[in-house]
Each structure stands twice: as structure tokens, then as C-alpha cells.
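Participant: Going letter by letter, the sequence shown gives residues 1 to 426 in the numbering used here.
Just to be clear, a hint being listed does not mean it is correct.
Said to hold, decoys possible - Keeping only pairs whose Cα atoms sit at most 27 Å apart, straight-line, the calculated DSSO-like set for lysine-lysine is: (1) 84 <-> 115; (2) 65 <-> 84; (3) 249 <-> 192.
Said to hold, decoys possible - Have a look at the derived ranges for each label pair, beta carbon to beta carbon: (4) 115 <-> 159: 17 to 23 Å; (5) 349 <-> 74: 40 to 46 Å; (6) 212 <-> 34: 55 to 61 Å; (7) 34 <-> 363: 54 to 60 Å; (8) 142 <-> 319: 54 to 60 Å; (9) 30 <-> 213: 39 to 45 Å; (10) 308 <-> 76: 43 to 49 Å; (11) 84 <-> 63: 21 to 27 Å; (12) 161 <-> 212: 17 to 23 Å; (13) 156 <-> 76: 23 to 29 Å; (14) 336 <-> 216: 25 to 31 Å; (15) 347 <-> 35: 52 to 58 Å; (16) 196 <-> 71: 22 to 28 Å; (17) 159 <-> 308: 37 to 43 Å.
These are computed hints drawn from the structure, not numbers from a lab. Here a beta-carbon is modelled for each residue, glycine too, at the ideal position from N, C-alpha and C.
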Amino acid sequence: MRLRSSRALEVQPGGLTGDCATLTELNDDCLLLICERLSMGDQWSLLQLQDERLAGLVLRIWRRKYAQHFDWAQEQQLGHLSAKEQCQLLQLLSARTRALLNLNGSSDGCRQWLKRKRKCTERLQRLSFVESGAWLLHRLPAVCPNLVQLQLGVGEGVTPEDLHLLFGQLPHLRLFELQPGWSCPRPWTDIKYGAALESLKLPACLVRATAMEIFRLPRLRRLTGFLCHKHTDDDKANAASATISSCLKALQDMSGGPAACQIVGLHLQCQLDASLLRLLAVSGPGDTFRLRRFAWHSQLTVHYDVADGSIKWLPQQPRLAHALLPFLATQAQGLRELDFTRNVHATPSFLSLLREGGNVCREVSIWHDTCPRMTATRTPHTDTDADRDTREDADGEQTNDLAFVALEVQHLSNEQRKQTPDGCHR
Numbered sequence: 001m002r003l004r005s006s007r008a009l010e011v012q013p014g015g016l017t018g019d020c021a022t023l024t025e026l027n028d029d030c031l032l033l034i035c036e037r038l039s040m041g042d043q044w045s046l047l048q049l050q051d052e053r054l055a056g057l058v059l060r061i062w063r064r065k066y067a068q069h070f071d072w073a074q075e076q077q078l079g080h081l082s083a084k085e086q087c088q089l090l091q092l093l094s095a096r097t098r099a100l101l102n103l104n105g106s107s108d109g110c111r112q113w114l115k116r117k118r119k120c121t122e123r124l125q126r127l128s129f130v131e132s133g134a135w136l137l138h139r140l141p142a143v144c145p146n147l148v149q150l151q152l153g154v155g156e157g158v159t160p161e162d163l164h165l166l167f168g169q170l171p172h173l174r175l176f177e178l179q180p181g182w183s184c185p186r187p188w189t190d191i192k193y194g195a196a197l198e199s200l201k202l203p204a205c206l207v208r209a210t211a212m213e214i215f216r217l218p219r220l221r222r223l224t225g226f227l228c229h230k231h232t233d234d235d236k237a238n239a240a241s242a243t244i245s246s247c248l249k250a251l252q253d254m255s256g257g258p259a260a261c262q263i264v265g266l267h268l269q270c271q272l273d274a275s276l277l278r279l280l281a282v283s284g285p286g287d288t289f290r291l292r293r294f295a296w297h298s299q300l301t302v303h304y305d306v307a308d309g310s311i312k313w314l315p316q317q318p319r320l321a322h323a324l325l326p327f328l329a330t331q332a333q334g335l336r337e338l339d340f341t342r343n344v345h346a347t348p349s350f351l352s353l354l355r356e357g358g359n360v361c362r363e364v365s366i367w368h369d370t371c372p373r374m375t376a377t378r379t380p381h382t383d384t385d386a387d388r389d390t391r392e393d394a395d396g397e398q399t400n401d402l403a404f405v406a407l408e409v410q411h412l413s414n415e416q417r418k419q420t421p422d423g424c425h426r
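When you get a sec, could you build the whole thing from the sequences and use the hints?
Facilitator: What follows is the structure, given as C-alpha cells:
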């Protein structure tokens with residue numbers, strides 16, 4: 001691509017003495033070393049010069065450096081570019097990377113890039129936006145038809161029909177996430193999800209409204225539901241119970257005989273209220289829950305009521321945490337990992353009661369904040385999906401107040417469904 005600018009490359013040799021070479025006399029290897037140490041903003045300035053050799057070297061660096069992904073949020077100086085320059089930069093990067101992350105879908109530069117793009121960008125497989133909207137969802141399939149992962153930040157004016165149309169036009173989409181901050185003022189129903197989806201992250205109200213459609217997905221492996229933007233303390237107390245209850249009901253309604261799939265992983269960051277414990281106790285011994293991994297994060301906070309001066313400890317009293325132990329005992333046969341990091345209720349007394357259970361701790365890895373190995377380990381999960389762990393850690397660090405439920409699902413073959421489970425399915 002030829003770049004045009006009113007600026008020209010000028011080298012003034014007047015101050016040079018001896019045999020010193022000018023910039024344009026350096027070979028490509030030397031220029032590459034120089035350009036690689038420049039910031040993204042300075043490299044962009046080099047592209048504006050009317051020198052095809054320098055432009056070719058910068059684009060060569062970008063092709064190698066950003067082959068896997070380019071994160072717009074890590075380059076703060078790009079915010080000073082004009083909309084036209086941002087559009088041109090995105091056009092160059094989209095042809096040289098597999099992922100563009102943290103784009104602002106409502107910015108003029110991003111909108112111009114999507115609007116002016118004549119050819120589809122087949123190389124791009126992953127996109128994430130800090131802000132989105134209905135117009136963005138309508139335009140994306142034509143520009144990036146081979147998307148595999150799509151993450152959308154807060155969007156205005158998005159309807160179920162928009163999502164239905166998006167899934168229908170992105171047949172290869174395997175991961176779809178709506179980021180926390182979404183509010184759902186209207187009923188979210190009548191959404192037909194893409195058959196290739198393996199991972200979904202949605203507002204809890206959307207999970208509850210479309211649970212039946214979600215669990216019909218043949219490749220679903222992970223489902224996360226988080227609280228909508230507008231919620232109350234009562235919503236936090238009931239969100240986990242309502243979400244899990246909807247999922248269990250959908251699984252039961254779908255299978256007249258043995259369950260077609262099982263929940264093999266449960267990850268909670270929420271209040272552990274009595275209704276949730278009763279729900280887990282009722283569902284635990286059956287075929288629906290066959291847990292390999294269980295995680296619970298819960299930070300203790302103090303709520304001060306200005307009206308009457310009362311103080312409440314949130315999210316719950318320690319005795320409710322101890323009431324979790326009977327459910328874990330029902331899952332002892334297949335359980336392999338317990339994660340109580342970022343959880344102040346994982347006290348020495350709680351952990352001692354857990355160990356006294358005998359069967360629960362046999363061949364089970366237990367992670368908590370006082371575990372010596374945590375200081376040398378980034379994350380307790382043994383899962384190979386590093387991106388997923390990073391997103392989960394970011395959710396927990398950014399807001400301890402955010403309530404969410406994540407389920408890991410395993411689809412069973414006909415032979416597995418006929419057999420009585422003796423342990424953890426592989």
C-alpha cells in the first residue's frame with residue numbers, strides 16, 4: 001500500500017564529519033534494529049514519510065510483532081490520531097494480524113474502517129470491543145466473515161434480532177462474550193445461537209431467558225452468566241441460584257431419560273445464600289452434577305447504611321460457608337480440584353473441616369490464598385486455556401462486587417449415558 005503525505009524525508013549531512021553514513025545509507029538490518037526500538041507512535045510517523053523503503057521495514061516489523069494480536073489499549077498514544085489516521089492504521093493492521101483487541105466500536109476511526117472496507121479480512125479471527133452497538137453487529141460479518149472469537153463491550157440499541165442475525169452470518173464463531181456493564185431493559189428471547197459455539201459469556205438474565213436454546217448447542221463447553229449493569233443487593237443474593245436453577249431445568253426438560261450432558265465444572269463469584277445451598281444439595285447426588293472442578297471466590301465487605309447507621313457483613317456469614325461441605329462430599333468421587341482463592345471465608349477452621357471430610361480431600365488439589373505454592377504459580381487451574389484464565393482473573397481483580405456463575409459442560413455419548421458413572425468421565 002502506498003502512503004501519501006505532504007511531509008518528505010530530509011537528511012541534513014552538514015553537521016556530519018568523517019565517514020559517518022546518513023540514515024538512508026544504512027542497510028536494512030541496521031534500520032530494522034532502529035525501527036524496532038521506536039514506539040508505535042514513532043513508527044506510525046515513519047510511515048507518513050514519503051519513503052517506501054522505511055514504510056516497508058515498519059510494515060515488516062508489524063507483521064512479525066503483531067502476527068497473533070494487536071491490543072489497541074496498550075498503545076495510549078494512538079488516541080491522539082485523527083479519525084482518518086486511525087482508519088488507515090486499522091486497515092494496515094487488519095491485514096497483518098489475527099486479532100484486534102480493545103477497539104472502540106463507537107469511535108469515528110473504527111466506524112470509518114468498517115464502513116470503507118471493500119474486501120473482507122479473512123485473516124482476522126478474533127475481535128474485541130470496549131464499546132459496541134447495533135451498527136457494529138450489522139457490519140462485522142461482511143468485513144470479518146471468519147471470526148472465531150468475538151467480545152463485545154457495552155452496546156446501545158442492541159436487540160435480540162441483532163444477535164440472531166449476527167450468529168447466522170458468522171458460522172465459524174466458537175467464543176462469544178458480552179462484557180460486564182450490559183443492561184437488559186427488554187426481554188431477551190427468541191435468539192438462535194450459532195451451532196459452532198463452544199463458550200458463551202452473557203448477562204444472567206439472558207442465560208435464564210434462553211437456557212433451553214443454549215444447552216441445545218452441540219459443542220457447548222463453557223457458559224458464564226454475570227449480573228446486568230443495573231442490579232441491587234437482592235439481585236446479587238439470588239442471581240447464582242436463579243441462573244443455576246434455570247440451567248438445571250433446561251437440562252432436565254431436554255432429557256426424558258439419562259442426561260445428554262453433565263456439569264463438570266462450577267465456578268462461583270457470588271453470595272452463597274441458603275437457596276443456592278438447597279439447590280446444590282438437591283441436585284448434587286444426581287447425574288446432572290459430576291464435578292471435576294469447583295471454585296468459589298467471595299470477598300468479605302462491610303455495608304454501612306447511612307439511613308439507620310446499621311452495619312452488615314457481606315456477602316454472608318461464615319456458617320453458610322460451612323454448609324457447602326455436604327455438597328462437596330456428594331461430589332467427592334469425581335472431584336479433582338477446589339479453588340478458594342480470593343475468598344476470605346477459606347479460613348483455617350473451614351479448611352480443617354474440609355480435610356476432616358476424608359473422601360473430599362482424597363486426590364483433590366485445594367487452592368487458597370495462604371497456600372505456599374500460590375506465590376510461585378500464576379493460576380491454580382490446570383486447564384490449558386490460558387486466555388480463559390486471564391479473563392477470569394481480570395474479572396475478579398477489576399471488581400470483587402461482580403457476581404457471576406460459570407459452568408463447564410461435558411456432552412455425553414450414547415454409551416456414556418447408558419452406563420452408571422463410576423467416577424470422573426474422561
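Participant: Okay, which hints does this one fail, numbers in order?
Facilitator: When the structure is compared with the hints, only number 9 turns out to be violated.
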